[in-house]
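Residue numbers (the numbering used here), protein chains in the order written: chain A, 1 to 387; chain B, 1 to 387; chain C, 1 to 387; chain D, 1 to 387.
Read the hints as simulated data drawn from the structure, not as lab findings. Positions of the beta carbon are idealized from the N, C-alpha and C atoms, including for glycine. There may be inaccurate statements among the hints.
What the hints assert, rightly or not - Each pair of labels, with its calculated beta carbon distance range:
#1 222(A) / 316(C): 21 to 27 Å
#2 327(D) / 55(B): 35 to 41 Å
#3 316(C) / 22(A): 55 to 61 Å
Number of protein chains: 4
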Amino acid sequence: MKAVLAYSGGLDTSICVKLLQEKYDCDVITVIVDVGIPKEELVEAEKKARKLGVLKHYTIDAKEEFVTEYIHKAIKANATYEGYPLSTALARPLTAMKVITIAKKEGADALSHGATGKGNDQFRFESMFRSIAPEMEIIAPIRELNLTRKESISYAKEHGIPIPVDLEKPFSIDENLWGRSIEGGILEDPWTEPPEEIFQWTKITKQKPETVMIEFEKGIPIAVNGRKMKPVELVIEMNKVAGSYGVGRVDIVEDRILGIKARENYECPGAVSLITAHKHLEQLVLTRRQLRFKEIVDSTWGELVYKGLWTEPLRKDLDSFIDSTQERVSGEVKLKFSQKNCSVVGRQSRYALYSKEMASFDEKASDLVEGMLRFHSLQSELSKKAG
Amino acid sequence: MKAVLAYSGGLDTSICVKLLQEKYDCDVITVIVDVGIPKEELVEAEKKARKLGVLKHYTIDAKEEFVTEYIHKAIKANATYEGYPLSTALARPLTAMKVITIAKKEGADALSHGATGKGNDQFRFESMFRSIAPEMEIIAPIRELNLTRKESISYAKEHGIPIPVDLEKPFSIDENLWGRSIEGGILEDPWTEPPEEIFQWTKITKQKPETVMIEFEKGIPIAVNGRKMKPVELVIEMNKVAGSYGVGRVDIVEDRILGIKARENYECPGAVSLITAHKHLEQLVLTRRQLRFKEIVDSTWGELVYKGLWTEPLRKDLDSFIDSTQERVSGEVKLKFSQKNCSVVGRQSRYALYSKEMASFDEKASDLVEGMLRFHSLQSELSKKAG
Amino acid sequence: MKAVLAYSGGLDTSICVKLLQEKYDCDVITVIVDVGIPKEELVEAEKKARKLGVLKHYTIDAKEEFVTEYIHKAIKANATYEGYPLSTALARPLTAMKVITIAKKEGADALSHGATGKGNDQFRFESMFRSIAPEMEIIAPIRELNLTRKESISYAKEHGIPIPVDLEKPFSIDENLWGRSIEGGILEDPWTEPPEEIFQWTKITKQKPETVMIEFEKGIPIAVNGRKMKPVELVIEMNKVAGSYGVGRVDIVEDRILGIKARENYECPGAVSLITAHKHLEQLVLTRRQLRFKEIVDSTWGELVYKGLWTEPLRKDLDSFIDSTQERVSGEVKLKFSQKNCSVVGRQSRYALYSKEMASFDEKASDLVEGMLRFHSLQSELSKKAG
Amino acid sequence: MKAVLAYSGGLDTSICVKLLQEKYDCDVITVIVDVGIPKEELVEAEKKARKLGVLKHYTIDAKEEFVTEYIHKAIKANATYEGYPLSTALARPLTAMKVITIAKKEGADALSHGATGKGNDQFRFESMFRSIAPEMEIIAPIRELNLTRKESISYAKEHGIPIPVDLEKPFSIDENLWGRSIEGGILEDPWTEPPEEIFQWTKITKQKPETVMIEFEKGIPIAVNGRKMKPVELVIEMNKVAGSYGVGRVDIVEDRILGIKARENYECPGAVSLITAHKHLEQLVLTRRQLRFKEIVDSTWGELVYKGLWTEPLRKDLDSFIDSTQERVSGEVKLKFSQKNCSVVGRQSRYALYSKEMASFDEKASDLVEGMLRFHSLQSELSKKAG
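Pulled out of the complex, with its shape left as it was, chain A reads as follows (with noise of 0.2 Å):
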């Protein structure tokens, strides 16, 4: 059997290379996808699956389409979920697509993942896999074996597999363009406060406040300070300065797929300071009846992606919508960043719905306001009337 596996070069997805081999008798093929990997990741997880003994090894750069096809729609979406700006869910939809690509081409019988069977990944893996490729077998050997952290390692050591020097912080990292996530360890308490070393995104560097301009077009952010920028570039930029504030990091306790709650820490400048930014143009440009039901769009949307349901008919549906009120998300926002801090402070767009002479106290207040009182409360006032 030949089975296609999503790699990372870390320790579980390594295991899987070898229990596939050894337990489920497969030739293995691994994909490392580049959703934002440093280069010499990528270099250092082709080796290492070289020395696994993998049938092939594929690289692929998806960092322009993750871009532009994820992390562009999660910006129009101000994609949350429980207050996480969904990096790992975004990301792994695109994966696995990537991954079935290679299966199909290479004549595999199998698609691989190295997720556990308490977390959220199998999920987003395997919803993926089912909808696109529904012949193909699915083998999850750390889920199905169901191993732990610890009977990991134990299984790395027994079979000459790298360990990781930091496995000794016993953190579960995992990172992409639109951002990085902490677990594990002291962090699962969810009393605990995450010490500062688990942080490398959002390492203070700078102290003195900053302005920077963001430009949107069709909720689009395409220029910083006037500088227009390629996709996956301006994401590298927004990450280096908000994280330069420190901002952008979000510890919370989150429900997982399965109904588990779950303390979790993540670091997303980029994320964080692109939504805010583009909430504030939304604000401006959008009527409150827009706003408001966007709110509901944009909640359910998080959700979707959050659970793995990239192929659910609703998301694409939600996107329509969403992409219909983009028309006119076009324009600039100020964001000051100051230690922590990202605030927004100004925004402007030929699109404002904004009236300088109906808002102002300067001027006159149409004389037709009372009209407006008469019914404001009317059922209100009807319904204290009846008793």
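Please build the complex by placing chains B, C and D on the supplied structure of chain A, with the hints as guidance.
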């Protein structure tokens, strides 16, 4: 005719006294409702009212009632409207109620307020007046005579009404225990950064980070750092603590009741920090279905109160829902304050739905998870199959 | 001044012609927009208009546009408002658009309608007028002069305006392709049963039950009993078929835009039967997440259109959502008609998410179902455990 | 091991007795919970259970509790799920509770039910079992042994379990006071019209139209045609009346909990007519904001109960909301029954928000309506202007 006026001691309501006397031929009773007004201002206001020749003047301490009957409901509802924690909006119904009570006691014929025809407060006052005392006349001199700020100042000068020194700064201020709003002048332009000088409550006076523990009982904050506090005292304390870190500034473009978009600035240090803490505690003890539904309830509650629809029966229905959810919202939250930042770094509760064993990656997963996977995205799969 | 009036040939708009001429000093151009008006009435209306001395008269056939651009959207949205399938509400924006078009062509200064100050139509006309032609004046004689029905009749008699014979029956009727509304007189009392005589479209003329098959393509009905029909023809056919069984009566207490509750009676045989069929087809092809979210979308769509907010950007956004869902709403529905009853007794589609194998109790269940059970109510269980 | 089985006297649960004894080595206590079962069936079931050698048998009359604690809540929530008024779904938690109560009293080790692995009832039983008695084992023989209907029949024959005569008709029936469900066989095909023979409760026996007046007190029906009735009696009466006109048939494609779409047929004459009446009364006494929000609450309530999540805390929260709204849902509704049709033709209440003076076209409108018009579509207008 005898009119009872909601009095603040400020320019607009002082003019109203004169207008009621001269243009509406009324005997005027002024009522200043203390929902968090510095004592010297109360004294000053009374003096001013008497100088204007009012029939009677009442100073009513409503701080306790404001906190227990309004602010506590707002905390339980995580109440905001487009990002604004409802400070003024929340106090208006209470002020209106007190005015009505005095009017009934004094056998008055009319209820009066000093709001203009552009803003929200006219709606908030009048919907209470109409619902609770439909038999009384409503007189709104500033709105009815459609006075601009400039005209008000002229009128005041002509009639010897003392003009506050800070009128040079053309900002319109309103404050109560739950927050402070600043609007007008250059702030009306949504693109202009608000100058530091407009802020009073959120000047940074502390640099060293500090962790503050808030204890909640059924959704209501009852202790700070282990010290039980009376309702009013606790809110004042949190305004002070959060304010000293510069936390609680809100800068938004907001949809006024009339549909006009306006740029607004607020300082709500206590509100922002207490609601943040409250939300995180809810994430620990409520089911995800409760959390998700409560989002819609909270958002609707905030909209009703913003619009002055305190007497709308739906408000009471939503409170019933909310109170039911808050039965278990008891526990502690650790807030970490640093410059301009307030983050939750820990939360615990005897009602936590958190289970270490279930969440931890050090423990075995359930063998049964495969069943969940089988059905999780079933309809997405069928949908893809259907073409 | 030159005014273009939305004319119906009825009492109110005939009076408006005279009022526009005499009280507003206007040259009047009348426009009757045919959204399903019997031919003889169109002829009659034109004659009447000319007799009243109008400058010009236009008869515009908008039936096709009404069905394809309005009714089809309404079917896709399963559009109702508190049970009312929106007949009049749906046609007003189209009528208003046609009036505006003529006004621009004729270089008119004002737009006019004959709606009173109590109902909904003033909002529907004027929100279109204000949005699309803000430069033109709006004249609403009946509302502005605040004429009651009695006063209107007197005025008509004084000015030799012919009064319809059925004025003795004090019912106010409005009809178009999508339905017929009857209000006024004894019908205003919500406790009184409507007399049979008010119904025209839903007199029972058939006794024998009959099965009618409707074919939909992307949410739009395109054939009846296998016979492809043009849009207008199909709606007329379904009005006839359903009407002959007495199907389509709606008797509700409805919240008018002003907040007034009013008892309303409608006959909408085509609308009721087509929307019923459409909903059942959706249940076969949409996922439950789509169905549930679309409930909220549909309800919001119905409310916007009822309130005359056709130009509200949210309406267009909702249409984008809806159109995305309708991609698969193709298939056939069997409607069984009997006396006063229309039931769906069969539905099929090439996009059905139905799987006989999965649904049937004659087939084995999945062994994996236990996994679903394990997690289905997990949080309820934890919640009970927490006490 | 001692197991308590939710027993019905039907084929599946009779087989379960034997399976529990033979395959699971249990002493079996059978409990039949009467939520509306003909007396002779109760007697028959007991006889059958004893013949199967049970340790003990309980017959529990839960009709009163079913109506007051479940059906009344359902009426107040206008409870349906995709058109289905929840009959079986509504009774399952009560049945499960009674089984648990007996199990605790008898010191049993296990709880058991006869539901298959395809349907909804396994979820409804087990979520109650897990939430209320997590210490007990759950045994679901039919599901665990994955028996098809055919296999069940063979097993019954082998073990001398009497097979009901109507097994030839391959329909699976469930009935209680709130409705009757029929599924299986040719009914599984969503395109096939259900044969008349499957219906028992909705055979047309009356031809002459009849008006029936229902009186509600706080959302609960308390009298029919002026005659006060006990809760159970009233439901039985309405089943009879509505059933005799053929009212209450529901034919839908429904999304089962597992995500499987299934065609289902129901007869719910009492439920359909009482919920119809209740909704119309709500339209008279609730504000439109209440009505609109309650739509979402009701829909969510129906979904929770359908899914067997009776112990989900959100259900209780929704009930608090609903009870608050029902304070004023008191009054009378006239239902007009004719062949297959039940329509509301009148409604009245001392809490009606209806005002004849405001609604009537014979009365003057308010001069103030122009003010409403000015602001009604303000944002749509600004939006058009913005281009």
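Okay, the hints, checked on the actual structure:
1. Remark: the range hint 21 to 27 Å for residue 222(A) to residue 316(C) is upheld by a beta-carbon distance near 24 Å.
2. For the pair residue 327(D) and residue 55(B), the supplied restraint of 35 to 41 Å holds, since their beta-carbon distance comes to about 40 Å.
3. Evaluation of the 55 to 61 Å hint for residue 316(C) and residue 22(A) yields a pass: the beta carbon distance comes to about 58 Å.
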